[in-house]
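From just these sequences and the hints, can you work out the full model?
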Amino acid sequence: MTGKVRVSATINGEPADFLCEPRQSLLEVLRDELKMTGTKEGCNNGNCGACNVVFNGLLVNSCIVLAVEADGATVETIEGVMRPEGLHPLQTAFLENAALQCGICTPGFIVSAKALLEHKPKATEAEIRHWCAGNLCRCTGYDKIVRAILDAETRLEEAR
Amino acid sequence: MSTTETKQQYKVIGTRPVRHDGVDKVTGRAVYGADVQLPGMLYGKVLRSPHAHARIKSIRTDKALALEGVKAVVTAADLPDSAGRSANLGELGEVPLQHISHNVLASGKVLYQGHAVAAVAATSAHLAEEALDLIEVEYEVLAPVLEVLQAMQENAPLLHEDLFTMELGQKSNRPSNIASHQTFQRGDLKAGFAAADHILEREYRSATVHQGYIEPHAATAVWNADGHFTLWCTTQGAFSMRTCVHQVLGIPVSKLKVIPTEIGGGFGGKIPAYGEPVAALLARKTRRPVKVVMDRTEVFLATGPTSGSYVKLKMGVKRDGRIVAAEAMLAYEGGAFPGAIVGAGGLCLLAPYNIENFVIDMYDVVVNKPKTAAYRAPGAPNSEHATEAMIDEFCDLLKMDPLEFRLKNAAKEGDVQANDVRYPRIGCIETLEAARASEHYRSKLTGPNRGRGVAAGYWMNAGLTSSVVARLNSDGTVTLAEGSTDIGGTRTSVAMQLAESLGIRAEDVIPSVVDTDSVGYTEVTGGSRVTYATGYAAYEAGQALRSQLIEQASKLWKVETERVLFEDGIFCDREDAARKISLPELAETLAHRSVDIRACITLTPQKAGGAFGVHIADVEVDPETGKVTVLRYTAVQDVGKAIHPSYVEGQMQGGVAQGIGWALNEEYVYNAEGRMQNASFLDYRMPTSLDLPMIETIIVEVPNPGHPYGVRGVGEVPIVPPLATIANAIAHATGVRLYELPMSPPRVVKAMQAKK
Amino acid sequence: MRAFDYAAPKSLKEAVALLDQRGDRARVLSGGTDLIVQVREKRRDLDLMVDVKRIPELLEIRYDATTGLTLGASVACNRIYEHPVVSRTYPGLVDAAFLIGGIQIQNRASLGGNLCNASPAADSIPALIVHRAVCVIAGPKGQRELPVEQFCVAPGRNALQTAELLVSFRIPSPPPRFGANYLRFIPRNEMDIAVVGCGVSLSLEDDLKTVAAARVSLGAVAPTPLLVAEAAAVLSSQPFSPEIVDKAAAAAQAAARPISDMRGTAEYRRHLVGVLTRRALLKAFERAQEVSHDR
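Chains as they are written, first to last, in the numbering used here: chain A, 1 to 160; chain B, 1001 to 1756; chain C, 2001 to 2295.
No false leads were slipped in.
In silico negatives: residues of chain B with every beta carbon more than 12 Å from chain C:
hint	residue
1	Ile-1259
2	Leu-1407
3	Ser-1547
4	Arg-1632
Think about it this way: if two alpha-carbon atoms lie no more than 30 Å apart in a straight line, the pair counts; the simulated DSBU-like pairs of lysine-lysine are:
hint	chain 1	residue 1	chain 2	residue 2
5	B	Lys-1314	B	Lys-1399
6	A	Lys-120	C	Lys-2283
7	C	Lys-2013	A	Lys-4
8	B	Lys-1109	C	Lys-2042
9	C	Lys-2283	B	Lys-1756
10	C	Lys-2042	A	Lys-35
11	A	Lys-35	B	Lys-1257
12	B	Lys-1063	C	Lys-2042
13	C	Lys-2283	B	Lys-1627
14	A	Lys-4	C	Lys-2042
15	B	Lys-1750	C	Lys-2283
16	C	Lys-2010	A	Lys-4
17	A	Lys-4	C	Lys-2053
18	B	Lys-1071	A	Lys-35
19	B	Lys-1285	A	Lys-35
20	A	Lys-120	C	Lys-2053
21	C	Lys-2247	B	Lys-1756
22	C	Lys-2247	B	Lys-1755
23	B	Lys-1750	C	Lys-2247
24	C	Lys-2042	B	Lys-1071
25	C	Lys-2247	B	Lys-1627
26	C	Lys-2042	B	Lys-1057
27	B	Lys-1312	B	Lys-1755
28	A	Lys-122	C	Lys-2283
29	A	Lys-35	C	Lys-2053
30	A	Lys-4	B	Lys-1071
31	A	Lys-4	B	Lys-1063
32	A	Lys-4	B	Lys-1285
33	B	Lys-1408	B	Lys-1190
Calculated directly from the structure, the hints in this document are not laboratory data.
Even for Gly, the Cβ is constructed at its ideal location relative to N, Cα and C.
Set out below in structure tokens:
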């Protein structure tokens, strides 16, 4: 078995070089090696979305992406969502709509919703629910999360 | 629409400030259990039994220890002997220490698939996992018992040779799987049924279901050479965890500090200790910090799902709709050790109604499944499902409106509960009336294969002990240390009560959840008690700060305290309009003079208010596949007083979502050997955003006289009505009644085909 | 997870050489949504993962009205349904691509990976079968082709020999008046493994009523996905009607050999075969008519 592999990625716009074993997932490396613990582990098999990041422009479950696959890739995590001038409108919308209770699913939802709104700025409630079906929440029943995302659409539109 | 008894004008209560810990949570900065990182930290992993029931013949750990990177292995042999000793869990009662110790690390026998047998600490989680494969355990496999009625049989395999039924308060002399039998009784059952015009008798069953919190359990322990432990963990109660762990480890309580991390959901399942004593043992053995995090499979197999249950219910009603008699047998699975929360199930079974004649028999039964833990109103959904579904059948028979029937029987202040305690002021009638007046209930449901269901529910809510420490800062803000862990936003609802009580803005309180060294004893975050009891403590703290400040202002101006008024952030002299000082100015002055303004409050409020919910659901059933779609859902609930309405609504919606999942799709599927087949989010099917509609909420406020602002607990009530609400809606959509949960598509199809 | 090596070859030749070298101890890594989970859960043991996502042939999407669609085996589902030509021409394939997991899965999972994983319940396989898709396979002895319906040999086992890998699918251009649909039944609305899956394709005669050719394929009701010739025979040369739909559904039910497992009983699955076959046939027929009206 070969030992550790050197990976060069771009994470939230910054170069990130790290060593990892092929068996380590991108999620593990983000959390344990790079100390970026905003991305969470909920199930480790691609069923809950708590580990969502954007990988080469696409929303993925980082628990089922190998860290070695990130060589040459761009990764965006929850830590990169906030803007220089302050919270992203999605983050503000989540707060003002009380769209979180325990908050463990929140980073995954925000990364997921941000990817949705960049893809489809005027998503309907049905489209939001469909897109977010891979993000599990056990506290809220999704009602206020969906409302927050709809609210964020308005905020983003006003900003344009 | 809400019902309020006395119109109170509040400045902070009833508003919707952004929660104080919100920014950290939407940016990923908040530190949850698995996020704890310490220099030199090792990773712990647990070896678990593949068998549901077996004797442990031997455990060999030498090969595991020899693996490079492995620093220690522990088994039950590393825990002090617990035989014959009691664990005193404070307000949560006393249990045999063995039941906790042996659940943490099995001794002698393994009693469920997933039961912890040994644990390893290594320099990486992957290495720790490899080491588990090298631990050799020899088992003598025994026949498992997997269902409650089966476990109650005379000839059932016994889990514990030393478990003797507590039969109506007396210990029996034959070992059994029945841990206890209790009963509630009143009146004359025979006469009651004799007077009935209609009698129904049904059996209701529920599978084992899990709380389903998204965050797995995580614990990190550090041991000092002076014998002192520090423990970071995802717990619903830092003090109760401390109490439990120090007894399991056999160390003085003062040698353990528990730091509760942010917690990703609990619902009752993060009260017991699992990995915490294991992390502590490994930390002591390796002299390094050790983090033990469960994976999702372990959460399903080896934490505390709620009881699978069997409820046999017989009720008699008169043709005018009055319930005249009820007889129930509740048999709940406690899992591997006693402790099914069947008493609460019995207490709540008939709680919304005033019934004169009843007998309720309650059995706590062990089976070869994980030891059950509390799950949001534990025991009540299982029992009240039966009552509310049977009432719906009576309404069909009598052609009576389901809310009118319930109003005819509704409990009110002064009525006596099953445990002979009189109801104080309660809002059952008001909640039913609000449901009846709701737009949803008055609307017409049209379309084929559609039906509407309603059901009520009750939960008693807890008081127990809570503490806070409030200190004035030199800028006039108040730092508030809370003893209650925050699983849903309570640090803010508690802070709001201090703000209201003192007379400042919610934004000027800086709340935090602190460790066991920094605040007085606080019982678990559970029982829907935090906004009530910790809020009450915060209210008292506000009052105390207020009176200290008024006293200081009066000293400053050299007048009697009665002359000083504090309103809208300003202190002034009633008799001299020119004398004014703002709170920030006074705070700064006092800081310069080294005057400390603080309040340490510990209290145990006695009058938590029980509360009621009434739910309405419209469903559509695909008659060919049996799939149920929830079209519309409304939850009506008496909350006493909504401190922060958004979070009250959120609690209602969350309970509804869990109830819908339980009603339609969630269940532990076991094979004949007692191995769970669906221990993952793929096949343990919780609702996704695509499976639910918006959830409408109607807040009813019948203030609880036992709280300064009228608060009643809100978190648990909303999981109680959904099971029957959905069952009744399905019945109205299809003409078919289902008595077993979950009402999954194949069961719906089978029932519909049987009807034809 | 047990330790393994990782390689990311940039050419087919290199990939085949790596697979040849390690034999059964190597496995192709496409989207990873099945493989990584299996290795983590110890359901699969390997020494080397060969990541094929940098090999051009596995990522290409090429359509030509005469030769049809060449779809690389590692093309992620999202690229399939976001491709304007593919989504317009093969809505029956898009049905499947859109159902495999949620968005996060679809951005990684590929039809090739779904096929090679050879789950009896795989969503893409019935859809591929009813489109008459052919597998293009590369190995040490060169390239070969195999119809998709012959690719799965047992649950979790496929027809690839040691050191072979799936390169792409060759999917014929739809004949005139063609409609296809893939449907599955799951207890929730997303995120579940199919309890039963049904793919159907029809091409109609000039009269837009008579069935010229048909294919019916079932998932999750046998050790491998089924191509149900009997159901097609019922439909062939017949005018499309409720009676013929019922007969085809009954033939599909008869061909199904479902087991009872935690996702469904045999009885329930057999029942669903009838329901889904009927519904898929109606949808396919509707699409065949629409496509004709568009022209």
